[in-house]
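Participant: Each of the two chains sits in its own frame; use the hints to bring them together as a complex.
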Amino acid sequence: MKIHQVHYPFTKFTLMNRFIPIVILSALLWLFLSISDTLLNDTEIIYPTQVRFNTLMSLIPQNNLDSINWTDHTDAEAYQALYDFELLSAIDTSKAYALFIEGAGAYQVTWDGNRIGKNGFPSALAGGEVGGVYYRYHILYPGSLHGRSHHALVNYSQHDNKLPVGLTLKLEQLEQWQDRQLAIAALTNITGGVFLITSLYLLISYILSFPDKKYLHLSLICFVLFLLILVDHTKTIFPWTGVGILNIRIFFCALISILSWSFYHFVLNAAKAKLPSLMPMAIACSFLTLMIIFWKTPSLPLSFIMIIALIISAIAYARKTPDVDWIITGIVIFLIGSMYFSLALYLSFSVITISCLISLALTTQRQNTKYEQSMRRSARLELETIKKNIQPHFLMNTLTTIISLIESDPKKGIALIEKLGDEFYYLFEIINRKTIPLKREIELCQNHIAILNIRSGTKCKLVASGSQSYEIPPGIILTLVENSISHNIQSDKAHQMTISLLENSGGLKIEFTYIDILPDHQFKSREGLGNSYIKARLEECYPGNWNFISQPLRGNWVTTISIFN
Amino acid sequence: MKIVICEDEPPISVLIEKYIVELLPSKATIFKAHSVDAAIATINNESVDLLLLDLNLSGEDGFHILKEFLARDFQTIVISAHRERALEAFEYGVFDFIAKPFSKNRISQAINRLLSPKRENTGTSSIICSSHKELRAVPLRDVLYVQAIGHYTKIFMSNGHFEICRKSIKTLLLILPNDFVQVHKSYLIRKSAVTKIITRSGGYYSLIISNGTSIPLSRKLAGSVVKEFKRGQ
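Residue numbers (our numbering), protein chains in the order written: chain X, 1 to 565; chain S, 1001 to 1233.
Since the hints were derived computationally from the structure, they do not count as laboratory data. Every residue, glycine too, gets a C-beta built ideally from N, C-alpha and C. The hints are all genuine.
Only pairs whose alpha carbons sit at most 25 Å apart, straight line, appear in this in silico PhoX-like list of lysine-lysine:
{"no.": "1", "chain 1": "X", "residue 1": "K439", "chain 2": "X", "residue 2": "K461"}
{"no.": "2", "chain 1": "X", "residue 1": "K412", "chain 2": "S", "residue 2": "K1104"}
{"no.": "3", "chain 1": "S", "residue 1": "K1104", "chain 2": "X", "residue 2": "K411"}
{"no.": "4", "chain 1": "S", "residue 1": "K1018", "chain 2": "X", "residue 2": "K411"}
{"no.": "5", "chain 1": "S", "residue 1": "K1032", "chain 2": "X", "residue 2": "K459"}
{"no.": "6", "chain 1": "S", "residue 1": "K1032", "chain 2": "X", "residue 2": "K412"}
Chain X residues, not near chain S, derived (Cβ > 12 Å throughout):
{"no.": "7", "residue": "D37"}
{"no.": "8", "residue": "Y47"}
{"no.": "9", "residue": "I207"}
For the chain S half of the interface with chain X, some residues (derived, Cβ under 8 Å), not all of them:
{"no.": "10", "residue": "V1014"}
{"no.": "11", "residue": "L1015"}
{"no.": "12", "residue": "F1102"}
Extracted from the complex, chain S is given alone in its bound form (with noise of 0.2 Å):
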């Protein structure tokens, strides 16, 4: 697991990477970043799973920055002293926000949730998207379902247009609500806007949403899926 700590005060920095270290013995490999540029070199050369980000989120630049970030493809966990600004980052997307000053146990706590990923509902309510150097967060609200293409996904939005985000289904279930479901290895859908289930021949099923799209139900996950459906009725 590569994580990056973005930390401009080095007791600060030392201090979080100590604590990582006991937590994920041999597990991690960790990149100090002194200042934000030399977080966004380090993301740009390694393919990174968890950024811990401290953030001053008393202006608007600092929330830029973050928004900058959570357009990529890992997790965020903001750390900061800024704790008013906490639900603002959650609808932003982050994984986590841990307040200053911080303990073993919180850090322990956040990363306990990345490794063993229980689905909760999240705070999130949308999702940065990037597109022609132009940040853009896509209410969630407004999406039906996500598809992967490539290194990149595409969030289809009730009225038709689609956005694209560089995040990967992986990493977007684990900021997602529980009301979004992976329903195939390309696909992520919004349960709620399930209107059918369609039995095709060989065993195969299709979800029809509220638009008319046709979204395939993978097989191995088909089982789940539908207990879940089962569920939420």
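Just chain X, with the same shape it has in the complex (with noise of 0.2 Å):
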């Protein structure tokens, strides 16, 4: 069986190995940041300032705004009002420009006294509203624009939502608005893709080829990011109401908590250490709660959620859970990034779930390693018990006896030689096969035993009980055998063995007995050869389901080995 001898690079905690990944990881995640942060904050956006308000809803004058009884205040809120904004500095006249409104609920916008747009129907009574779309942008065309000093008159009302969310206007250039639009259009398209398609392939996986919950769980964080993303930007798409908006920061909470939830289940591998899973619940509680104070300025509750993740990192981190450096170290170059950096969750996000799937990577590829550890090692061993029965002792020994039994005992030697083709083709097998019936095993054990039997003139036996029909790895109670006969050899007793076979729902119990050890025989199960073959076997055959007993017991030596389904 070849196996060939994969290098992994990176798997030994070098400061080479460690710097140079941390150092392209960094550079392409502050590449891809700076340019989503200068798509959202450029400099070219114009913020008229809200100066004054009046909360008596009337129809918009064309005329007489004198006669209005403003109120000064410059971050006011309200059901319903009659918002002033003035912009101050020049803008260009001869170009058209977009003037971007966000706000829930329902308004009618002019422009310097002419009416470009409205959102909805506004109304004094709640009835009479008709809820507009939260994010909308008007066209100020260049002819519309004209002089030093503009007024945007905004008449609103917000009956729908519990919460008053103020108005925000922006204006910028028409051209650059739609290519900036587009810019971050596409920006949002690809990391949702990127996303979308990184689940997809990891519920595939879990299915097809890693039962491993971590992949389930990634998959599970992957999915929540998309929706995120999907959320985040679908407020432009989708005609979100003013209650629409209060039902995504519900359904963005939900999110979070399932991210949270997958994300805490993943480092921690929280189902094996049966660690309570209300914890991301309460996460998620008191980000919603936080929203919910600082609506305004979500950057606390995004860097609660951050430091929280930190937190379940560093708790995993302690427990030395293996791989979650590398997640720290994502968390970490976020942290340094967000300095910098103004970010949405889901870019934050991107940043950890990268440095989550380097660590799944690296988990993945530290089994791969122990398993071809432990198949080269089972292959090893085999060669080693074939070695010890073809090789000399047992061969040469058993050809001697042929020649001694040729002159003084034909029949009897042709027994033996009969007998040892039999053992040769078991050789065979062993190399062939994974399992093979434990009938057939014990068949072989009794030639052998009978081999043993002519060549000592002592009269071993092996007395087997119970169901022969499930599977085994070859080799096993062989082992067993000659580890009993070796040990206590002495040619003037009739060495006793059972073996009994229990099969049920639970697995198999196989109980290997041998009977009357001498009290002043040193039977001490060595952890030679012979103890190593068979549980490298019983690993490779049921990783993690099987149990090697080895004890005296009641003036026998009694081995048990427990299969579990």
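Facilitator: So, in structure tokens, the structure goes:
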């Protein structure tokens, strides 16, 4: 069996091995973040300032703005009001502009006295309002812009929303605005798409190749991130109304809680450690509370999430969970980056997700290495056992005995040759098959014992009882037989060995007894080649689902092998 | 000739005995031991000439037991399945190594070599000496000469120290390479260590070896020894 030695890079924790990937990762991330940051915060955007408002709803006056009882309040929020935004900076009147209004509710907007657009139907009465879309842009044509000072009047109502959400106005040259929107859309599509595909790939991997829950968790993390990106940007596509905004927020928080739960289980492997699943729910609830309290400055809730992620990872690291250091590295890179960039949630979690992917890849690599090692070890032990039986002592002695029997007892000699032939065939089977039926193994143990009996003049016997239909790795029972006989060879004693096989729904139990060991005999269970072979074979065939105990019991030596389903 | 056969598997033990009896009719007294302990008991009770030892030489235990036997004053022939360890066994001073399975011919070869010793270059590279229950392998390249003292021999080395060996000059001769010759009833020297031959009065010779020691050369052996030296030159 050829096993190729695969050399995995970055397995050893040398500074070089860590340094290079961290540098590349950081460079890529900063590139990505700076692009998105530039897109989101363009200096070309002009923000008209809210100068005054009046809560009395009335029709937009074409003239007589002075008759209105204005209140000076730069940061007012109301369920209904007439807002006056002033723009003092010069704008290029030859170009078209996009006036971007963000607000839950309905409004009508005029620019310098000209009605330029509306969103839903504002009304003083709750029943009369027709909700509008959360984001809306209105075009200011070159002809409508003149002069140095501009006023945008917004007649606004939002009865559906339990929390008053203020208005934000942004002004930008139309061409640039369009280009930027396309760029943001492209970026969103790319990141969303990446997470969707990664999520699908991880899910398929979990089902088909790696039934490790970590893949499922990471798939869920990626999928939730995809949904978060979608939610963050469908605000522009779908007509979310005022009520819808609140629903989005709740939906958002639900996603965060799923995200936290997945992250929590991924990092801490909580299911195995039987840690409480309520923890991430607690995180999500706190996040929701913070979002409600600090909804205008979402950076605090976001930082909160990041800190929780860091604490979870730190706990995992302290518990010596492998490969967590990459996740911590990812979070640290993000935290350093967040001091320079203003980021949306999905961007921050994408950093974490990438580091989770690295961590998962390392885990898989480690498992592969372990498996390969165990295969190699198994192959080697297999060969050693074959060598043990083919080479020197056993084979040569048997042949010498045959020479002796040729003249003294030819019939016995022929019988011995036959049995030796069977033994060779058995060894051939070891090489080729992963498991053989118990019946066959016991047959050949009997053959082996018969050969030893002819050679040594002993009367060893193996009595088997129980169901022999189960399939087990070859060579195990033979090793037990050999261990017993070689430890206690005495030609005047009839060694009795029994093997009982118990098969039930839980699995298989093999009880091998060497009867009546001498009290003064040092029947120590040597962890020699024999027992290592048995354990390696069991681990290869039933990883983690077996048990091996060998101990004296009531004057006998009992070895119990249990295989669980 | 007293021969001990140490072999735990009866058919093989019987086979070896059969061959020996056929090869040395009425010349040999054979003791069969079925375990190492039984063999040691026999050796302690009889003055054995030859031991035929079946040993599992796969581990280190086998070699330890072998060395115990090699420290004694008889020839040891190893009969083993582990051919690959033959060279190592020769280095410690076994007389012969017979691989299993063997034919009568092979046994005959070994016995003939034992009975009509023609000095050949053996593969011995160390002599097993036992002192204070401790076994030590004295490297042959350090050995200058061997002196017989009663039932024992003293093996003198180039650094001036000596080791006690239980093998007699006669037994040692059979396993030492050609470079070693017997020059006296009680002396065995390394030819290449001799620097001078001094003639004394009365027709006595002395051999001076590299560390300055003077070894007597017996008159009986003088002729053949000098011839050996001349041949060597």
